[in-house]
Structure formats: structure tokens, C-alpha cells
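Asks: Sequence:
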Amino acid sequence: MENIMPEAQMPIGAPPQAGTTPAATNPPAKNVKRKRGRPKKIMPEFGPEPATETTATIDGRDEGAIWKEEVSKGLQAICARLTALEEKNKAAEVAQAQDEEAARLAKLTNLERAEERSRLHKAAQEALAAAKK
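In the UniProt record's numbering, the protein residues as written are 1 to 133.
Simulated from the structure, these hints should not be mistaken for laboratory data.
Any given hint could be a false lead.
Said to hold, decoys possible - No farther apart than 25 Å at their CA atoms in a straight line, the calculated lysine-lysine pairs in the BS3-like style are these:
1) Lys122 / Lys132
2) Lys107 / Lys88
3) Lys73 / Lys88
4) Lys122 / Lys133
Unchecked claim - Restraint ranges, calculated between C-beta atoms of paired labels, are given here:
5) Leu111 / Cys79: 50 to 56 Å
6) Gln98 / Gln125: 19 to 25 Å
7) Lys122 / Ser72: 33 to 39 Å
8) Gly37 / Asp62: 35 to 41 Å
9) Gln98 / Ala130: 32 to 38 Å
10) Gly64 / Asp99: 48 to 54 Å
11) Ile78 / Gln98: 38 to 44 Å
12) Arg61 / Ala127: 53 to 59 Å
13) Glu69 / Lys133: 51 to 57 Å
14) Glu70 / Lys133: 50 to 56 Å
All residues carry an ideal CB built from backbone N, CA and C; glycine is no exception.
Given only the sequences and the hints, what does the whole structure look like? Please build it.
Replies: The structure is reproduced here in C-alpha cells:
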């Protein structure tokens, strides 16, 4: 019989033979990669069971439904404020454009004003003709 595993043939409690060390006392290799970062996510099918019970209720309604209603009301209020601001900005832009046009017309000489009026009159006539068609 060959001596394949000398540790297995040694009596219990005997000191190890020279040149053999048990695997438990070996230091780990230095180039072993250590796991770093966030642990992997557990797949949903292996995770905890979803709650089958309903959540807390207030006045007979589900708490989640109440929360959704409050969020939707808040979003509607935000949208209303945004539309009001947009309308206000549009009105301000129109007023600014009218002021700029009035300032530009005020700087024109009499001849330039006459040319501008004739140009605007011609554009208005073309718009009327297009509307009639």
C-alpha cells in the first residue's frame, strides 16, 4: 500500500510530519481578488414574499390610494401655476413687442412712416384677399 495521504494514516493528536502542513494553517494567496462594492441584488422570484394583506386604511380607503390622490392634486396645482406663468409671459412678450414697434415707429421720419403705412396697408390687403379665397 502506497502512502498517498500521510495525514490520513497518522494517529489522532500526533504532531504533523516535517514538510506537510494542514490546509487550515496555510495563509491565503496574495493575489486573491476580494469582492468590493455593493452586493448583488436578489432576484425578485427568490426575494421575500410580497405582502398579501392590504395596507393601512383611513376612512375605509387604502392609504396608497389616498397618497395617489394627494399627489395628483399637487401635480394639477403645479400645472395650473405653470400655465398661468406661461400666459403671463406671453402677454408680457406681446406688450414688449408692441412697445419696441412703437419706439421704432417714433424714430422714423415722415417719409419712412408713409412707406411703413403703405407696406402695412398692402400686407393687410393681401391677408384679406387670402381670407376671401
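Asks: Take the hints in turn and mark each one as holding or not.
Replies: Structure-based check of all given hints:
no.	hint	in the structure
1	Lys122 / Lys132	16 Å, holds
2	Lys107 / Lys88	29 Å, violated
3	Lys73 / Lys88	23 Å, holds
4	Lys122 / Lys133	17 Å, holds
5	Leu111 / Cys79: 50 to 56 Å	51 Å, holds
6	Gln98 / Gln125: 19 to 25 Å	22 Å, holds
7	Lys122 / Ser72: 33 to 39 Å	53 Å, violated
8	Gly37 / Asp62: 35 to 41 Å	38 Å, holds
9	Gln98 / Ala130: 32 to 38 Å	24 Å, violated
10	Gly64 / Asp99: 48 to 54 Å	52 Å, holds
11	Ile78 / Gln98: 38 to 44 Å	31 Å, violated
12	Arg61 / Ala127: 53 to 59 Å	57 Å, holds
13	Glu69 / Lys133: 51 to 57 Å	52 Å, holds
14	Glu70 / Lys133: 50 to 56 Å	54 Å, holds
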